[in-house]
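J.: Sequence:
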Amino acid sequence: MSGSSATGRLAMCLAMAAAVASGPASAVAQEPAPAKSDLSAHTALEALKTLCLNGDTAPLAVLARADAAGWLKAKPAGFETWDASRNRAQQSGPTTLILDTWGIDTREAHEDSCSIGARASTSGWGQAAREWLGFSPGSVLGPASTFHAVRTDAGWRAAAAADRAPSARTNAEERHYNFVAADGAWSGAERAPAILMVNHLRTTRSPGG
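Okay, so the sequence shown: first residue is -2 according to the numbering used here, each after it adds one.
It is worth saying that the hints were derived from the structure and are not from the lab. One thing to keep in mind: the hints can contain errors.
Unchecked claim - Quick list of simulated restraints, FRET-style, between CB atoms:
#1 Arg161 / Leu69: 30 to 40 Å
#2 Ser118 / Asp150: 35 to 45 Å
#3 Gly75 / Arg161: 33 to 43 Å
#4 Arg154 / Glu77: 38 to 48 Å
#5 Ala186 / Ala159: 39 to 49 Å
#6 Arg166 / Gln88: 39 to 49 Å
#7 Trp183 / Asp80: 16 to 26 Å
#8 Glu128 / Asp53: 19 to 29 Å
#9 Ala66 / Pro91: 12 to 22 Å
#10 Thr78 / Glu187: 18 to 28 Å
#11 Ala162 / Gly90: 37 to 47 Å
#12 Glu77 / Arg161: 29 to 39 Å
#13 Lys70 / Arg166: 37 to 47 Å
Note that the structure is predicted; figures quoted are calculated from it, not measured. C-beta: ideal position from N, C-alpha, C; glycine also.
Generate the whole structure from the sequences, applying the supplied hints.
T.: Okay, here's the thing in structure tokens:
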């Protein structure tokens, strides 16, 4: 999977997420012991579902939903880098949630990408994604869990190898998604944001994609 670096402090985590999602095919998922999903995980997951997946996944559509929901376009305090053409922010208790959305063209498809991130030490973000999707990640690397998913009329199912073929019906119908969930470590010298990210693989580019 191709990726794009996020703005600001989310850059390192998005780069890691892109690397996980495009990791070697021989990688075998070794799941860590499930961590209890905390409130911040569910808050971030609800934001991902509401903003990134509730309709058109093109960045302009995502930003329009965020604006309608009251997410802020202005740069939050403490963030050195900010791009209002792709970022929004919302306060969730003591934590600032950051929305980042962008589109990228690959050799075989167009990808709409969207993430919810937080500068926070968290637990349970991967487990929250697993509980929602209903299946185990395809790979786990450190704190990051990657899920290959097909959207169905009833919800989600794990994507099989055949689903990822360029000629697969799931791709023709634009039902193929990749999710990455990673807990954050944000204390002392550690600066790894928590993140929930989705890539929607499309055969066509939407306006604003």
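J.: Between Glu128 and Asp53, is the Cβ distance one that fits in 19 to 29 Å?
T.: holds (26 Å)
J.: Regarding Arg161 and Leu69, is the given constraint of 30 to 40 Å on their beta-carbon distance met?
T.: holds (37 Å)
J.: Quick one: are Ala66 and Pro91 within 12 to 22 Å, going by C-beta?
T.: Taking Cβ atoms as reference, Ala66 and Pro91 lie about 20 Å apart, which means the hint holds.
J.: Range hint 37 to 47 Å: satisfied by the CB atoms of Ala162 and Gly90?
T.: holds (43 Å)
J.: Does the beta carbon distance between Trp183 and Asp80 stay inside 16 to 26 Å, or does it fall outside?
T.: holds (21 Å)
J.: Quick one: are Glu77 and Arg161 within 29 to 39 Å, going by C-beta?
T.: At roughly 37 Å between Cβ atoms, Arg161 and Glu77 fall inside 29 to 39 Å, so the hint holds.
J.: Has the hinted range 39 to 49 Å been met by the Cβ atoms of Ala186 and Ala159?
T.: holds (44 Å)
J.: Has the hinted range 35 to 45 Å been met by the Cβ atoms of Ser118 and Asp150?
T.: holds (38 Å)
J.: So does Arg154 sit 38 to 48 Å from Glu77, Cβ to Cβ?
T.: holds (41 Å)
J.: Could you say whether the range 33 to 43 Å given as a hint is met by the Cβ separation of Gly75 and Arg161?
T.: holds (39 Å)
J.: Does the beta carbon distance between Thr78 and Glu187 stay inside 18 to 28 Å, or does it fall outside?
T.: The hint (18 to 28 Å, Cβ to Cβ) holds, given that Thr78 and Glu187 are roughly 19 Å apart.
J.: Within 37 to 47 Å or not, the Cβ separation of Lys70 and Arg166?
T.: holds (39 Å)
The structure is consistent with each of the numbered hints, conforming to all of them.
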